[in-house]
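Protein chains in written order, with the working numbering: chain A, 1 to 347; chain W, 1 to 152.
Calculated directly from the structure, the hints in this document are not laboratory data.
Errors might be hidden in some of the hints.
[Unchecked claim] Cross-link-like lysine to any residue pairs, in silico, SDA-like; alpha carbons within 25 Å at most: (1) W:Lys71 x A:Ser265; (2) A:Lys101 x A:Ala47; (3) A:Lys320 x W:Leu132; (4) W:Lys68 x A:Gln283; (5) W:Lys130 x A:Val225; (6) A:Lys39 x W:Tyr141; (7) W:Lys71 x A:Ile148; (8) W:Lys71 x A:Pro296; (9) A:Lys36 x W:Leu93; (10) A:Lys307 x W:Phe133; (11) W:Lys46 x A:Ser265; (12) W:Lys79 x W:Gly108; (13) A:Lys97 x A:Ala86; (14) A:Lys320 x W:Thr43; (15) W:Lys130 x W:Lys71; (16) W:Lys79 x A:His274; (17) A:Lys36 x W:Asp139; (18) A:Lys320 x W:Glu137; (19) A:Lys36 x W:Gly64; (20) W:Lys71 x A:Asn277; (21) A:Lys268 x W:Pro91.
Since we're looking at a predicted model, the values are computed, not measured.
The lines below spell out each chain.
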Amino acid sequence: MKTFVLLFFLSLSLSAYSAPHGDELFARHCSACHGKDGKGGVGVPIALASFLDSVSNEYLKKTIRHGRPGRIMPAFENLSDAQVGAIVIHIRSWSDKPVPKEDTTVIKGNVANGKKVFAGHCAQCHGEEGVGGIGTGVTFSRKRDLPIIAPALNNAGFLAAASDVMLRDTITLGREGTPMTSMLVAGLSEKDIDDVVSYVRSFEKSAAELKQTLNKNDNEPPVIVMQSPYGLEETVENLKQAITDQNFTLIRTDYLEHGLVPEGSENKKQVVLHFCNFGFLFQALSLDPRVGMFLPCRITVIEKDGKVQISTINPKRLSKLFNNHELDSYCDEMYEVYNTLLEDATL
Amino acid sequence: MKILNKYFLVLVMALISSPVLAGDLLMVRTQQSFPEAMLALQTSVKEHGYEVTRVQRIDIGLTGMGYKTDKYRVVFVGKPSEIQYLINKYPVLAAYMPPQISIFAEHGETVLVTANPLIYAEMIDEEADKVLFRRWESDVYSVFDDVRDADE
Chain A
1 MKTFVLLFFL SLSLSAYSAP HGDELFARHC SACHGKDGKG GVGVPIALAS FLDSVSNEYL
61 KKTIRHGRPG RIMPAFENLS DAQVGAIVIH IRSWSDKPVP KEDTTVIKGN VANGKKVFAG
121 HCAQCHGEEG VGGIGTGVTF SRKRDLPIIA PALNNAGFLA AASDVMLRDT ITLGREGTPM
181 TSMLVAGLSE KDIDDVVSYV RSFEKSAAEL KQTLNKNDNE PPVIVMQSPY GLEETVENLK
241 QAITDQNFTL IRTDYLEHGL VPEGSENKKQ VVLHFCNFGF LFQALSLDPR VGMFLPCRIT
301 VIEKDGKVQI STINPKRLSK LFNNHELDSY CDEMYEVYNT LLEDATL
Chain W
1 MKILNKYFLV LVMALISSPV LAGDLLMVRT QQSFPEAMLA LQTSVKEHGY EVTRVQRIDI
61 GLTGMGYKTD KYRVVFVGKP SEIQYLINKY PVLAAYMPPQ ISIFAEHGET VLVTANPLIY
121 AEMIDEEADK VLFRRWESDV YSVFDDVRDA DE
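Chain A with its partners taken away, still in its complex shape:
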C-alpha cells in the first residue's frame, strides 16, 4: 500500500515530464502570438511553407530557447528539451516536405561590400543595420494584407539561431508568401549574397550590446510615489490642471473602489484620475498592442492618517515585461510625463 501511494504521488510529477504533447504546449505557449495554426498575429507566421521548408529543427529549437531579446518573443528557458522538441514536431506537422539539415558552414564574405548591398536591397524592409520593421500585430501596425513585419536581423536571439547557410539560402530563394523576394532573381550575385551574410553576421557585437541594455531598468521601483503637501481635494484639482497642461485628456475621476463596492459606499479618500493622450496611446499600441493592459494612464491619490500620497505605475519598471525594445523609449517618455504631473501637482 505504501509503495502504491508513493508511486502514485511520484507519477503526478513524472507525468508532467513524460511524452509532452506538442499541440498542447504550442497552444499554451505559442498560439497567443503565432496563432493556433501558426498563421501569425502579434508574432510572425510560422506555418508558411517557404519558411518551414528552409529552416532546420535546430533553428526552431534555438529560437524557442533564445527568443528574440527586445523583439517581444521571450526566451522559453523553463521548457525541458523534450517539451521544446515536442513543439518543434508539432510545428513540423504543418509541412510534409523533408526537414532541412542544419549546415553550420561559416561563410566568409566581404563585410564592407555586404554593407553596401544590404543598404541597397535589404534596408528598406529590415531597416538600417538590420533593426527590423516597426511595430507588431495586425490590430494597429500591420496592414491586413501584409503577412509579416520584417524581422530584426541584428537580434542576439536570431543570430544565435540562424546559421550562415540558412541566411544565404533565405536571401537566395526569398520567402514565398512574404514581401521577401529572391535576391538572386533581383540581380545579386552569389558573392554579393555571401557578403550580405557576413555583414549580417557582423551585427553580433551590436546585438549583444543591445541585449544588455534591456536589463537597464531592473532596479527601478514598481511605482512613482510623491507626498502632497495639500489636502486630497486640492491635490486632485492640481492634478487635473497638470494633466491638461501636459496635453492629456482627462477621461474621468472616480473612486478607487468604483465597481468593487455598491455605488455611494466607496472610500472617498481613495481617488483615481484616468487620462489619455490618444496620439501617444495609438503610437504605443502600434508598437505593441499588449501594452493596453496598463492603459489608460492612471494616477491614484490616497489620503491616509492625514497624509496625501500620489502614486502611479512606473513605466520604466514595466517595460521589462514586454521584451520590446521599441517600447522602451515610450516607457521612458511616460516616466518623465508621470514625474512632471506628480511634481506639478505637489509643488
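With the hints as your guide, set chain W onto chain A.
Below, chain W alone, put in the same frame as chain A:
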C-alpha cells in the same frame, strides 16, 4: 503519523518538481470573434468568483479621435475584499489595482493579455500575502483556458 508525514513530503516534492512555466505576461488567443470572447471572459471571471469592475473601451476613444483601430477593451477584475485588503495594507499596490486584462481583436480572432499577478508579489514583503497572488495566477490560467476552450 510518521508515515503520513512521509507521504505528505513526497506529495510536496512531487508538486514542487512539476514544471513551472510562468512568464511575466500571460496571454491567450481564441478563434472566437471579439464579442464571443468578451462574453466568455466575463462569464469565466464571474465563475471564478471575481467581479468585473469596469470595462474601458480603448477603441471607442481612439476612433473618436480619428485613429483607425479594431476592437480593443481593458477589463478591470478583482474580488472587492481582496483588493481593499491589499490597498489598505500595501499602498504601493494601489497604482496596479484592480488588475487589468486587455482584450483585442486580431484578424477575426481575439487575444487576451494580462500581467502575471506574481509581479505584484515582488512588491510586498509578507510571504503569507504572496499566496494570494499565486492563486490569482492560477485563476488567470484557468480563466484563459476557459476562453480558449470556449471555441472548441
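How the hints compare with the structure:
1. W:Lys71 x A:Ser265: Outside the cut-off at roughly 33 Å; violated.
2. A:Lys101 x A:Ala47: holds, 18 Å
3. A:Lys320 x W:Leu132: Given that 25 Å is the threshold and the Cα spacing comes to 23 Å, the pair holds.
4. W:Lys68 x A:Gln283: Holds, at roughly 12 Å.
5. W:Lys130 x A:Val225: holds, 22 Å
6. A:Lys39 x W:Tyr141: Holds, at roughly 23 Å.
7. W:Lys71 x A:Ile148: Measuring from Cα to Cα gives roughly 21 Å; hence the hint holds.
8. W:Lys71 x A:Pro296: holds, 15 Å
9. A:Lys36 x W:Leu93: The given pair, whose Cα atoms are some 35 Å apart, is violated under the 25 Å limit.
10. A:Lys307 x W:Phe133: Violated. A:Lys307 to W:Phe133 sits at ~28 Å, over the 25 Å cutoff.
11. W:Lys46 x A:Ser265: It holds: about 22 Å lies between the C-alpha atoms, which stays within 25 Å.
12. W:Lys79 x W:Gly108: This hinted pair is violated, its Cα atoms lying about 31 Å apart.
13. A:Lys97 x A:Ala86: holds, 18 Å
14. A:Lys320 x W:Thr43: Violated. A:Lys320 to W:Thr43 sits at ~31 Å, over the 25 Å cutoff.
15. W:Lys130 x W:Lys71: violated, 34 Å
16. W:Lys79 x A:His274: Satisfied, since the Cα-Cα distance of roughly 21 Å is no more than 25 Å.
17. A:Lys36 x W:Asp139: Given pair A:Lys36, W:Asp139 holds - Cα atoms ~22 Å apart, limit 25 Å.
18. A:Lys320 x W:Glu137: holds, 19 Å
19. A:Lys36 x W:Gly64: Violated. A:Lys36 to W:Gly64 sits at ~32 Å, over the 25 Å cutoff.
20. W:Lys71 x A:Asn277: With Cα atoms ~19 Å apart, W:Lys71 and A:Asn277 stay inside 25 Å; holds.
21. A:Lys268 x W:Pro91: holds, 15 Å
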